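Protein chains: 2
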Amino acid sequence: MPRGQPASVPDDGLTTRARRNRPLVVVHTGTGKGKSTAAFGMALRAWNQGWPVGVFQFVKSAKWRVGEEHALRTLGASGEGGPVTWHKMGEGWSWIQRETGGHAEQAAEGWAQVARDLVAQTYRFYVLDEFTYPIKWGWVDVAEVISVLDARPGQQHVVITGRDAHPDLVAYADLVTDMTKVKHPMDQGQKGQKGVEW
Amino acid sequence: MPRGQPASVPDDGLTTRARRNRPLVVVHTGTGKGKSTAAFGMALRAWNQGWPVGVFQFVKSAKWRVGEEHALRTLGASGEGGPVTWHKMGEGWSWIQRETGGHAEQAAEGWAQVARDLVAQTYRFYVLDEFTYPIKWGWVDVAEVISVLDARPGQQHVVITGRDAHPDLVAYADLVTDMTKVKHPMDQGQKGQKGVEW
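Sequence order for the protein chains is G and E. Residues 0 to 197 in numbering that gives the first Met the number 0 are what the first sequence lists, from first letter to last. Residues 0 to 197 in numbering that gives the first Met the number 0 are what the second sequence lists, from first letter to last.
To be clear, the hints were calculated from the coordinates, so they are not data collected in a lab. A portion of the hints provided could be inaccurate.
No copy is singled out in the list; a pair is fine if it fits within one copy or between any two copies.
[As the list claims (entries may be wrong)] Once the Cα atoms are required to be at most 30 Å apart in a straight line, the calculated DSS-like pairs of lysine-lysine come out as: (1) K135 with K180; (2) K135 with K182; (3) K62 with K135; (4) K59 with K135; (5) K182 with K62; (6) K193 with K59.
Only a predicted model underlies this, so the values are computations on that prediction, with no experimental measurement involved.
Please model the entire structure based on the sequences and the hints provided.
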């Protein structure tokens, strides 16, 4: 997409530079493909800037995103861009080191760590993969999420992925894209395949 | 997204394995963000499978996608996954080594190379970034593109990105996602920023 000029200049008292560097909350939602994939694609740019990248996978299976995880970990260890830290709920969060409680409890634990990291400015780019679901299911309170995001210090960008993003989160976010399915091979009886789906 | 079961099993005479491994033509279109970003995210999975990845950037500026290019080149050189080859129209295609003709001629040259590589099975995963535009502008004939894609041998996946994908290409493709803009910071007067947009 072209790096165009903004359609209007807001009367918000910010300089162009301050406005340009405003940290973003980004939501990728919808029923189509590419929500998480695009978030990990964004992480490549953050890595290239030398920024610390933190990924939190709010999914049950530790087998998901193995390709992306291998790639981001390899980049993080390459010594060229920023460091990459990858946390998976599916195998018990790394800072807990064991399986505790059910999925609701694990998701709440994950969010609590994200909130701590935002306060500490541990990372500059966060991927909260599939985080719309714990919010949708009431395991994490959307008002608290917005409050913590809104109070985060510094220049921390946060990308949240998953279907059915909460309307309050959509209203709060700076950039929201809906990935809309036009056509999918599974409609024609094809299963997912390695190298494409994972 | 869940790796679900297909909604129906087609009467196409293929085994499940053959159907599963059918090479895909994927289109990311729409006015929202994430079209190219998700394509490069898919390239991470292809790299992880050890597949040769070929990127063809059908854009004018060689400065675009610098983060993704650095990341994919670093991965390709890591010795862990597949090799990555990155071709940019914006600085003259690498196999030509000089700026020739206008954009129309350069785009046609790029497509001719893609067609040769498909016949030769040079790569297993192709990103044809912003390739919808040369088709839209008539620089490359959509019927020829579909013919070449349809005749490609082996197991070569091709991802095409850009707005305004030609209806014939959408009809032909196996997987089509429309990235729909819900909300964008530039609507509120914010310009793009490093680490997020590039």
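Against the structure, the hints come out as follows:
Taking the shortest Cα distances, K135 and K180 sit within 30 Å of each other both inside one copy (21 Å) and across copies (22 Å). For the homomeric pair K135 and K182, the shortest alpha-carbon distances inside one copy (26 Å) and between copies (20 Å) are both at most 30 Å. Taking the shortest Cα distances, K62 and K135 sit within 30 Å of each other inside one copy (23 Å), while across copies they are farther apart (40 Å). Within a single copy, K59 and K135 get their C-alpha atoms as close as 16 Å, which meets the 30 Å cut-off; across copies the closest is 42 Å, which misses it.
In the homo-oligomer, the alpha carbons of K182 and K62 lie at most 30 Å apart inside one protomer (26 Å), although the nearest pairing across protomers, at 32 Å, exceeds that limit. For a Cα distance limit of 30 Å, the shortest separation of K193 from K59 inside one copy, 19 Å, qualifies, whereas the shortest one across copies, 33 Å, does not.
Against the hints set out earlier in the document, no violation occurs for any number.
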